[in-house]
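Visitor: Each chain, written out:
There are 2 protein chains.
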Amino acid sequence: MTGSPGRPSPGQVTIADVARHAGVAASTVSYVLSGKRAISELTRARVLASIRLLGYHPNAGARALASRRANVIALVLPLRSGMQVPVVMQFATAVVTTARRYDHDVLLVTSDEGPAGLRRIAASALVDGVLLMDVELDDARVPLLRELALPSVLIGFPAEATGLTCVDLDFHRAGAACVAHLAGLGHRRVALLGAPAAVYERGTGFAHRTRSGVVEAAELQGVQVVTLPCEEGAADVRRTLTALLAEHPDVSALIVQNEAAVGPVLATLPTLGRQVPRDVSVVAICPDPFAEQSGPMLTSVPVPAEEIGRQAVALLMSKLRDEQVPEATLLQPRLTVRDSTAATPAVHAAGGH
Amino acid sequence: MTGSPGRPSPGQVTIADVARHAGVAASTVSYVLSGKRAISELTRARVLASIRLLGYHPNAGARALASRRANVIALVLPLRSGMQVPVVMQFATAVVTTARRYDHDVLLVTSDEGPAGLRRIAASALVDGVLLMDVELDDARVPLLRELALPSVLIGFPAEATGLTCVDLDFHRAGAACVAHLAGLGHRRVALLGAPAAVYERGTGFAHRTRSGVVEAAELQGVQVVTLPCEEGAADVRRTLTALLAEHPDVSALIVQNEAAVGPVLATLPTLGRQVPRDVSVVAICPDPFAEQSGPMLTSVPVPAEEIGRQAVALLMSKLRDEQVPEATLLQPRLTVRDSTAATPAVHAAGGH
DNA sequence: GACGCTCGTCGAAGCGCTTCGACCGACGAG
DNA sequence: CTCGTCGGTCGAAGCGCTTCGACGAGCGTC
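Sequence lines, in order, name chains W and L.
Those letters in the first sequence? Residues 1 to 353, by UniProt numbering.
Those letters in the second sequence? Residues 1 to 353, by UniProt numbering.
Just so you know, the hints here were simulated from the structure itself, not pulled from any lab data.
No incorrect hints appear here.
Selected chain L positions facing chain W (Cβ under 7 Å, derived; list incomplete):
id, residue
1, Ala62
2, Thr110
3, Ala123
Beta carbons: idealized from backbone N, C-alpha and C, even for Gly.
Modelling step: build the complete structure from the supplied sequences, incorporating the hints.
Guide: Shown next, in the form of structure tokens:
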């Protein structure tokens with residue numbers, strides 16, 4: 001019975017078992033499952049019953065080999081330090097959950113395998129498409145992506161994005177929204193505490209775009225703004241804040257775009273003699289849970305990690321079906337007002353000159 | 001040329017291409033790659049050269065089908081809220097990186113697909129083995145794991161762990177180490193600020209084991225200890241701390257096992273009139289980067305997420321090779337002394353009565 | 001000098017699935 | 001009544017790889 005190579009299966013239930021049990025051909029079972037050909041209601045029911053009864057699950061490798069579709073997508077994550085961990089996590093969760101809805105699984109790949117990793121994964125047909133996070137303005141993987149003809153969706157925008165599919169929060173407008181909110185409250189001097197310096201140097205899009213949004217809006221609204229990077233340690237935050245307030249004592253509002261810094265900022269300000277929001281208003285660009293758990297609850301522009309994840313997967317699935325998709329998808333920011341921002345006290349405004 | 005089904009490959013380079021180019025049989029190429037049979041140095045070199053030249057990467061599906069090994073492992077992550085996000089992240093990174101060293105990839109699976117997800121993945125031969133995180137004392141997936149005969153390694157310990165392979169930090173000793181350190185500094189009344197209540201209720205092992213370690217060691221060393229769960233918001237932390245200090249004003253040291261609470265605790269204590277470490281010592285059980293970035297740098301027992309990840313993968317790989325592995329692997333805690341703990345001030349000790 | 005080795009290589013048989021073309025009744029149109 | 005059509009099913013080929021048995025050549029042994 002047993003031919004020599006390709007040893008007999010262990011416990012595995014195969015499509016042949018199902019076919020035999022249901023009294024049909026294997027191809028019929030396949031068509032029942034894929035719906036690619038019409039099957040009579042009767043046959044379909046019998047097959048489905050057999051499948052359930054035998055506990056049949058198609059062998060992924062065989063399916064991938066025959067159909068040239070692995071039903072797996074790769075999620076390429078930074079996983080380097082200094083990144084905004086909770087956002088990444090939320091994002092990953094959303095991606096996995098959404099992918100499952102499309103009957104796909106998710107392969108986790110770290111960026112540090114770099115272009116070679118992408119190439120390997122593409123060439124071995126391990127995955128049908130990739131989701132790239134933490135895209136930099138000048139990203140080494142982008143040219144490769146174009147060359148590979150591997151369906152992909154980027155989270156974030158590289159400098160040259162034509163021909164690619166990118167999704168992201170509109171950080172430019174997010175920055176602008178913060179400024180607008182503060183300006184509306186009467187603030188005329190604000191500071192942007194951004195990502196760590198390394199992130200800017202790396203040319204990471206969201207940091208740059210937020211900054212430009214802030215600067216631009218400030219100009220338009222006649223607000224003076226000073227922008228500076230911000231490291232993540234409590235000690236670093238204190239140092240940065242102290243220096244900032246020494247140099248610009250009349251800054252009455254802070255925009256913070258660094259989750260890890262938000263806590264320390266809120267903790268440090270009072271020790272520097274500034275109550276929030278009485279003396280200084282704070283707006284954050286950070287995930288909602290963060291904003292809701294902080295000292296005074298934070299007025300914030302949430303980073304909709306989940307929504308981005310869902311959209312990214314949906315776009316990728318469309319591409320896998322060879323559908324046309326928009327090149328750029330920019331999610332509109334919404335600013336949620338909470339307890340960390342207030343109107344400039346007239347007293348202060350007068351004393352500030 | 002083109003037979004009807006199994007359409008011609010697109011760009012893919014196959015093993016046949018390599019064989020033709022090198023002037024050998026396909027099987028020889030396969031043996032060069034797998035090393036499962038002796039190959040002359042000459043042939044091996046020629047084949048390797050062809051592989052490199054053509055940019056050949058074996059097709060993952062075909063390989064999996066023929067060899068019954070997917071070279072993929074599943075990483076089952078909690079991805080639910082309330083979990084210690086950075087630890088999970090560090091862990092995932094270590095797993096992916098280590099798995100790659102063993103020439104395996106990692107499939108990301110969320111716990112919320114539950115047992116059905118495991119079953120699906122096992123039956124479809126998508127992965128060769130699984131890594132389970134966030135194992136609970138009474139975990140629904142454990143019985144399934146036994147039934148499935150799917151090689152697995154658990155991070156954490158269920159109540160009944162015989163026959164399984166588990167890895168974790170020895171949280172019992174970690175708790176004890178914190179108490180010993182504090183007792184050595186003269187502290188006689190300490191409090192354990194643990195995980196959120198929900199985590200205890202869920203029966204999560206590490207929380208319970210830490211607590212028992214703390215309580216046991218305290219008893220042995222004649223230290224009085226009060227243990228209480230701790231939520232994650234700044235407001236909640238403040239409430240918890242205020243209540244604690246009101247009820248037990250003579251507590252002179254805190255053990256904190258909740259990364260998200262560490263920041264708020266450090267920020268809140270001074271506002272309650274307690275300087276760290278002058279009036280209150282704080283020991284944390286948390287990842288090192290955290291401890292190093294906090295207000296005063298924290299004396300801590302780091303959770304060696306990376307090490308755990310590496311070990312877990314190594315164990316799983318051994319199991320895949322049908323090697324015998326120990327059932328329990330407990331990593332020994334090391335306590336790093338930093339700036340947040342100090343000897344009880346005699347003054348205080350005197351005034352405390 | 002024949003025998004049995006081992007070493008290095010090849011050919012063929014599948015792994016479990018998808019998919020194409022063929023086929024066979026039933027049915028509506030002419 | 002015949003022909004074309006279409007819905008429903010089957011059989012076979014093949015996806016790209018691994019692995020088993022076979023085999024030829026070279027070599028040491030008695």
